[in-house]
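J.: From just these sequences and the hints, can you work out the full model?
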Amino acid sequence: MKELEKTKRISIAAVLTILIILIGLLSYKRPKHIYALNTKSTLENMTGADYLITLEQINNPDLMLVDIRNQYDYDKGHLENAVNIYAPEILNDVHSEIFKELKENNKTIILYGNNPHQVIVPYMLLFQLGYTNTKILTISVSYDQNKMITQNAKLENTDADINAFIEESIKKAAAKPKPIIKSIPKKVIPIVKKKKIPVEGGC
Amino acid sequence: MSKSYQFKRFLTRRYQILAAILFLLAAGLLLLPKYEKHEGISPEELLSNSISPERYITTDVLADRIINQDPSYLLIDIRPEEEFKEYTLPNAINIPLKKIMDEESIPYLNQTQYDVVLFSNDHFYADQAWIMCNRLGYKNMHVLKGGLNNWFHTIINPAKPGEDMPATAFELYSTRKAASMFFGVAYPEEVKQIVVKKVIPKKVITIKKKKKMPVEGGC
Chain A
35 MKELEKTKRI SIAAVLTILI ILIGLLSYKR PKHIYALNTK STLENMTGAD YLITLEQINN
95 PDLMLVDIRN QYDYDKGHLE NAVNIYAPEI LNDVHSEIFK ELKENNKTII LYGNNPHQVI
155 VPYMLLFQLG YTNTKILTIS VSYDQNKMIT QNAKLENTDA DINAFIEESI KKAAAKPKPI
215 IKSIPKKVIP IVKKKKIPVE GGC
Chain B
34 MSKSYQFKRF LTRRYQILAA ILFLLAAGLL LLPKYEKHEG ISPEELLSNS ISPERYITTD
94 VLADRIINQD PSYLLIDIRP EEEFKEYTLP NAINIPLKKI MDEESIPYLN QTQYDVVLFS
154 NDHFYADQAW IMCNRLGYKN MHVLKGGLNN WFHTIINPAK PGEDMPATAF ELYSTRKAAS
214 MFFGVAYPEE VKQIVVKKVI PKKVITIKKK KKMPVEGGC
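Chains A and B supply the protein sequences, listed in that same order.
The first sequence begins at 35 in the working numbering and counts up one residue at a time.
The second sequence begins at 34 in the working numbering and counts up one residue at a time.
Keep in mind the hints are simulated off the structure, nothing from the lab.
The structure presented is a predicted model; accordingly, all values stated were derived computationally and were not measured.
Hints are supplied without guarantee of correctness; some may be wrong.
Derived contacts from chain A toward chain B, CB cut-off under 8 Å, selection only [to be verified]:
(1) N72
(2) S130
(3) K134
(4) I154
(5) L159
In silico SDA-like links for lysine to any residue, alpha-carbon gap of 20 Å or less [as the list claims (entries may be wrong)]:
(6) A:K181 - A:D109
(7) A:K134 - A:L71
(8) B:K210 - A:D195
(9) B:K210 - A:I200
(10) A:K74 - B:S138
(11) A:K40 - B:R42
(12) A:K42 - B:P113
(13) A:K63 - B:G61
(14) A:K137 - A:A116
(15) A:K42 - B:K41
(16) A:K74 - B:P113
(17) A:K137 - A:A70
(18) A:K74 - B:E72
(19) A:K188 - B:L130
(20) A:K74 - B:I139
(21) A:K42 - B:I54
(22) B:K210 - A:S203
(23) B:K41 - A:L38
Glycine included, C-beta positions come from ideal geometry on N, C-alpha and C.
T.: Listed below in structure tokens is the structure:
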């Protein structure tokens, strides 16, 4: 009988463990968004710069323009045939379905915002989630009398040589005081000839 | 006797069966789909982190930190090595974007002691690096807003405010100008003052020798 009790206990424990595992498996939820690329392969793709596209290249039927700005900016003016998907809402169910459909139809997703910097986060998120058919439109958007003006924007080029600027400023600073010094003696130059005052009789 | 023996045998078998099921489940755990590529924080979390205003640091704040010699800041220049050699911020470390996931660069990025500030010419590449690091869960990552170009336009070569600008613009200009002088820019009008200052101590040094006055004869 003792042995029987022992086996009973063991079997109860075993059944419980199995139940726990089963419950765990059944309640396991697959995360909605899963990265398709790890950071290393993403980085490799990022350093080759073929994910940028300019204004001239967008006249293509296989492209889908996506405006990642907010509703207000989109209503104010947007590119032709562009869809509005606000960047913070890019992972919503409705939007992920749109992206999935675009990928299945082999369409290229072109993201744009007020400037290319705005687009980098939504772009990299989509790319890491496996939407490798995504590209960034490098434009800067400005408004003139409520009309949207788009220009090709340049990325990561240096505006100025800072070292040269500092050196030049030092040169300028060193050179400028000299004329001031020169001008001072000039003022001194006017010759005032003191007439010799005839010596008056002293005391 | 034979009945109880059979019952016992059945019980021991049941135990074995249970063990077998446990083994099977354990094996099943091994076969669960692996999310190898799913490293780092979830995409939703990454997106919400990216909206946080803490992501960017302005050039004015950074200049202030450098001048006050704040030791908690670690500047990382992610431009290529040639550009780093030409000009960089004081005490910056060069980790080109390509090498940002290398093993040697991880100790600089994955730590909690310093506030890491990533910068490039503008903040496009720096943002890319920020996203990667943030995905891997690195703490205290920031991006210099506008990068070195903005650094040049605001700190090194600040624009003079027009006469119709508010007083705050003039205050900002004077602090920026002072900051630019700290980073080596010289202004002609400031140089003059320095020259004057140099003259003053010289005057102090002079030892006044009293000349022996010739004994004057009274008139």
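J.: Against the 20 Å threshold, does the CA-CA distance of K63 of chain A and G61 of chain B hold or violate the hint?
T.: 17 Å, holds
J.: Does E72 of chain B lie within 20 Å of K74 of chain A when you go C-alpha to C-alpha?
T.: 11 Å, holds
J.: Under the criterion that the straight-line Cα-Cα distance not exceed 20 Å, is the pair K210 of chain B, S203 of chain A satisfied?
T.: With a Cα-Cα distance of about 13 Å, the restraint between K210 of chain B and S203 of chain A holds, given a limit of 20 Å.
J.: Keeping to a limit of 20 Å between CA atoms, is the pair of K41 of chain B and L38 of chain A held or broken?
T.: Holds, at about 7 Å.
J.: Verify the proposed pairing of K42 of chain A with K41 of chain B, using a straight-line Cα cut of 20 Å.
T.: Between K42 of chain A and K41 of chain B the Cα gap is close to 11 Å, so the pair holds against 20 Å.
J.: Under the criterion that the straight-line Cα-Cα distance not exceed 20 Å, is the pair K40 of chain A, R42 of chain B satisfied?
T.: At roughly 14 Å apart (the allowed maximum being 20 Å), R42 of chain B and K40 of chain A satisfy the hint.
J.: Given the hinted pair K188 of chain A and L130 of chain B, is their alpha-carbon gap at most 20 Å?
T.: 19 Å, holds
J.: So, as I understand it, the hint says I154 of chain A touches chain B; can you test that by seeing if any CB pair is closer than 8 Å?
T.: 5 Å, holds
J.: Please verify whether K210 of chain B and D195 of chain A have alpha carbons no more than 20 Å apart.
T.: Roughly 18 Å separates the two Cα atoms, so the pair holds.
J.: For a C-alpha distance cap of 20 Å, please report whether K134 of chain A and L71 of chain A respect it.
T.: This hinted pair holds, its Cα atoms lying about 16 Å apart.
J.: Under 8 Å, Cβ to Cβ, is where L159 of chain A needs to be relative to chain B, so tell me if that hint holds or is violated.
T.: 6 Å, holds
J.: For the pair we were handed, K181 of chain A and D109 of chain A, check the Cα-Cα distance against 20 Å.
T.: 11 Å, holds
Checked against the numbered hints above, the structure violates hints 2, 3, 12; every other hint is satisfied.
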